[in-house]
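A.B. asks: Chains as they are written, first to last, in this note's numbering: chain A, 21 to 335; chain B, 21 to 335; chain C, 44 to 288; chain D, 44 to 288.
Wrong hints could be hidden among the right ones.
Below are the DSSO-like pairs computed for lysine-lysine, each with C-alpha atoms no more than 30 Å apart in a straight line [to be verified]:
no.: 1; chain 1: A; residue 1: Lys121; chain 2: A; residue 2: Lys232
no.: 2; chain 1: B; residue 1: Lys173; chain 2: B; residue 2: Lys227
no.: 3; chain 1: A; residue 1: Lys323; chain 2: D; residue 2: Lys167
no.: 4; chain 1: B; residue 1: Lys49; chain 2: B; residue 2: Lys322
no.: 5; chain 1: D; residue 1: Lys232; chain 2: A; residue 2: Lys173
no.: 6; chain 1: B; residue 1: Lys323; chain 2: B; residue 2: Lys227
no.: 7; chain 1: A; residue 1: Lys227; chain 2: A; residue 2: Lys173
no.: 8; chain 1: B; residue 1: Lys121; chain 2: B; residue 2: Lys285
no.: 9; chain 1: C; residue 1: Lys167; chain 2: B; residue 2: Lys173
no.: 10; chain 1: D; residue 1: Lys232; chain 2: D; residue 2: Lys170
no.: 11; chain 1: B; residue 1: Lys285; chain 2: D; residue 2: Lys170
no.: 12; chain 1: D; residue 1: Lys167; chain 2: D; residue 2: Lys232
no.: 13; chain 1: A; residue 1: Lys227; chain 2: A; residue 2: Lys285
no.: 14; chain 1: D; residue 1: Lys170; chain 2: A; residue 2: Lys173
no.: 15; chain 1: C; residue 1: Lys170; chain 2: C; residue 2: Lys232
no.: 16; chain 1: B; residue 1: Lys232; chain 2: B; residue 2: Lys322
no.: 17; chain 1: B; residue 1: Lys173; chain 2: C; residue 2: Lys170
no.: 18; chain 1: A; residue 1: Lys323; chain 2: A; residue 2: Lys227
no.: 19; chain 1: A; residue 1: Lys285; chain 2: A; residue 2: Lys121
no.: 20; chain 1: B; residue 1: Lys323; chain 2: C; residue 2: Lys170
no.: 21; chain 1: B; residue 1: Lys173; chain 2: B; residue 2: Lys232
no.: 22; chain 1: A; residue 1: Lys285; chain 2: A; residue 2: Lys232
no.: 23; chain 1: A; residue 1: Lys232; chain 2: A; residue 2: Lys323
no.: 24; chain 1: A; residue 1: Lys285; chain 2: C; residue 2: Lys167
From the structure, some residues in chain D lie toward chain A, with a derived Cβ separation under 7 Å [stated by the list, open to error]:
no.: 25; residue: Asp108
no.: 26; residue: Ala111
no.: 27; residue: Leu127
no.: 28; residue: Leu221
no.: 29; residue: Trp288
To list a few chain B residues with every Cβ distance to chain C over 10 Å, as calculated [what the hints assert, rightly or not]:
no.: 30; residue: Glu42
no.: 31; residue: Thr105
no.: 32; residue: Gly107
no.: 33; residue: Gln115
no.: 34; residue: Phe177
no.: 35; residue: Met229
no.: 36; residue: Ala230
no.: 37; residue: Ala255
no.: 38; residue: Glu278
no.: 39; residue: Glu308
no.: 40; residue: Lys322
Treat the hints as calculated values from the structure; they're not laboratory data. Owing to the predicted nature of the structure, the values given are computational and were not obtained by experimental measurement. For glycine and all other residues, C-beta sits at the position ideal for the given N, C-alpha and C.
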Amino acid sequence: ASGQSSFDRVIAGDGRIEPRDEMPDDYRKSLIRQISQHAHSEIIGMQPEGNWITRAPSLHRKAILMAKVQDEAGHGLYLYSAAETLGASREDMMQALLAGKARYSSIFNYPTPTWADIGAIGWLVDGAAICNQVPLCRASYGPYARAMIRICKEESFHQRQGFEILLTLSRGTPAQHELAQEAVNRWYAPSLMMFGPPDADSPNSAKSMAWKIKRFSNDELRQRFVDMLVPQAQALGLTLPDPDLRWNAERGHYDFGELDWSEFKAVLAGQGQCNVQRVEHRRRAHTEGAWVREAAMAHAAKKAARQQQSARGAA
Amino acid sequence: ASGQSSFDRVIAGDGRIEPRDEMPDDYRKSLIRQISQHAHSEIIGMQPEGNWITRAPSLHRKAILMAKVQDEAGHGLYLYSAAETLGASREDMMQALLAGKARYSSIFNYPTPTWADIGAIGWLVDGAAICNQVPLCRASYGPYARAMIRICKEESFHQRQGFEILLTLSRGTPAQHELAQEAVNRWYAPSLMMFGPPDADSPNSAKSMAWKIKRFSNDELRQRFVDMLVPQAQALGLTLPDPDLRWNAERGHYDFGELDWSEFKAVLAGQGQCNVQRVEHRRRAHTEGAWVREAAMAHAAKKAARQQQSARGAA
Amino acid sequence: MADMAEYLLWLGDDALVSAQRLGEWITNAPELEEDVALGNIGLDQLGQARALLSYAGELLGRNEDELAYFRDDVDFRCTHLVSLPRGDFADAVVRLLLVGAYSEQLYAALTTSADERLAGIAAKAIKEVRYHVEHAAGWAVRLGDGTDESHRRMQDALNRAWPYLDELFDPHPLTDHLDGIAVDPATLKEPALQRITAVLDEATLTVPATQRVAGGGRDGRPSEHLGPMLAVMQVLARAHPGASW
Amino acid sequence: MADMAEYLLWLGDDALVSAQRLGEWITNAPELEEDVALGNIGLDQLGQARALLSYAGELLGRNEDELAYFRDDVDFRCTHLVSLPRGDFADAVVRLLLVGAYSEQLYAALTTSADERLAGIAAKAIKEVRYHVEHAAGWAVRLGDGTDESHRRMQDALNRAWPYLDELFDPHPLTDHLDGIAVDPATLKEPALQRITAVLDEATLTVPATQRVAGGGRDGRPSEHLGPMLAVMQVLARAHPGASW
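Start from the sequences, fold in the hints, and give me the full structure.
C.D. replies: Spelled out as structure tokens, the structure:
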């Protein structure tokens, strides 16, 4: 009971919960779910962009893209570590992902048919991720908050790089401009859906906010994102594909049209264009790498045995 | 002794030796060596051309190339069968090839960096093969002679197709013309070397000729080939890369320059550009297919067992 | 006419991309006999593609090679199933079975198309496709009911391919616009599935219970695998625009 | 100046093609840590390639992207070893070890090149390459002296790569023309082989006794694998000639 009340006190005082602190079981489970989903999203998110590493149209862009995809692997690693501080095992989390039982951000089930998608992912998807994640840098669980601080720094680089790709395309040849516009047309609505369903339909949000894991509602974040995008789209010379998008002086925000949640739900339910491909890709890489991981363990065991033996010999 | 003399009689009378006929051990061994080398050459020869199936520049050419490479697999199969009639096992021959112990025509250790190589292989390599093989249609060993008749028919299609590819390139854009000339520059000398070393250095030839397996010497065939090429090269509008090539009215043949046999010997000794790659490719395909072959055998055994059981049940 | 051309692209692109993948198998098959067989099947598919794309090209004022070599992936109209990466031999067998069973129904129905030229193409194709399905079915049974490893590989391959099957049968407004000429893909599903499940039964394989994927190949949303495949297929033709070969 | 540019292409193309192959590993590594590590190494190599190709480009009046994207395979100057198909992780480790051991000697020697800019590039590269060799050596030992399967795979990969090693050390008239600036590759062979064999010993692997292949990459006779690789690498840039990215 004293643990429970200390937890409440820390939360109320906007303090940080650390791994060894007591915490309610629900809090722990909810965090494991959220952090592992976030980790999986980083890992699966490597694929739609990895798709263009071999075809990046300049060496400069190739280097940036390789670094970005590599950053995402790094983010996945921090986040798995953060989840491990809560008692989850990386192996279990990975197995859940490979078995198709774990969630990851649905946005990565959309394909990247053109190079402009790399720009759109950076600008829109990473942009939405940042809006979502900046508040998480103040999440009540310490390891998660610290991981998010590092991740957000890198993500904002990524977003700027995405913006630059689109800007170059938008100001390039007519064919390049069209590629950019067409990618924005495809990624705009899905990126708005990254904030989750409307507040009215979001059952987990209330608790997360009470626990100070989440700080703003889905709809608040979505509005913030749209308000941020509109001037940036103007700077890009690209149009956001929403006829209902307009400034509302009264609200001091942009109004925007209804989103088609039925598609979101279909993708979430596994029927997106790439759901199967993404999980299958990960499964194949994991399976093909099994002999390497086994060998590394076998070698470590051999080495330890040898050291033990030579220590014994010396004694 | 009566077998030996009947063999001699058949040979002397330009007749055919058939699988069940008695034959000298040397004759049998020499034929197995020659036929299996020929079979291996067909199989390995699929690779330099197979290299362009996915990139063939028109659907018409892609279809012709696929059919050609497939024909070569077929030729390999006939020839392995012909060798099997002499008591060799396909499995043993294949293992010798995979182990790098069996010979195949050195010409296939040259690479095909450009599409024009597909034309040059057809015109020059298949052309040389035909010169070599047409006399083999009268070889004294029946199954070999019959396989060669079928193979030669198809090879002459292939040669014509190669000629057509080069003709189209030669009459095409300047870049295409240059590709064609450059490929002919690379394949001309190696194709002349396909007839084997000069007669003076060819130890096996005399016996093969006495047995009526071989009917013309290496140098005779090479001369015949050069005489055939010169007018065809003129028709193609391409130059054969030999400054010493000129008509000799006295001989009634074209004179041609010395060949650089040191390169030939290096390639033969395994140091060509693609020796390692060709055998490794075959080894990989064979290894990756092992589970399929095992399953086919296991299924056949199961099926046979079931049939036997149901036959027993019926009895 | 634009609708007709579009429909021909559906069929022609499926055939072309299938043939291109089979082309990757040549020199890589598990036995020489299979190099020959896969080559034959690829050639049949390529022949179908050429007939269909030539016809489409006449309607569009382009020839077969312009359509094959100078369209980008988003301009192709093939389903996702045919562009999946080569995979192992079990993947090849499973795809040949699934695509073949669909094509068998498709071409059978198209032999009575009101468009005579398409009916003629279908009449030739149906004979070829029947053989392809037979060939795939033979392997499916041998491998499904072979060793433990071959059974596992076949089931894995089936699980991988299955989510892409439904796209082949998706209804589409285009076929409504071509009444009597084209076939509503949805009508092909039941007989094709019957054929497939009969083979899987004999092969001791289980029909997967997996979710379908979205597809979109017919509407210019190709799989991510198509772009890299076309990069290789088109590289030489595009390096020499306007050249003859 | 043409000689200098040619020499820079030797080094730059080796680095670029190595980086391109490593790029194929990202999202496919046996563990996430290795996705990161291979990505790092690929980025280092890409950085080396860019420095070298930019320099070559200045001498030739072309920029790094024109050299990377608008040359055909026969205009590349990389050795065959770097363009071999991706293979399995053992192939990646072996090639990284072999190419790394060569590069380690090469860049160490070039730090004293009479060409200051090249010496500067080498001074940066040598630090990176030392790490790459360490990384490869660590894996070679773990896998060579790991399980029976990993030992077999490593030895197989070593046998596959070994025939291509000699080309790296082939003497060539070009380096004679660049006395004091370039390094005679033959002089690098002994120390590189020492490094390699020390690792193989610890890894319980056997130096293969296989024949070398002819090579020819320095003289415009690229491996057959380079063309298809460049088809993919260059496809987008070539589809938009003159565009900026």
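A.B. asks: Hint by hint, work out which the structure violates, then give me just those numbers in ascending order.
C.D. replies: 3, 4, 5, 6, 11, 16, 18, 23, 24, 27, 28, 39 and 40
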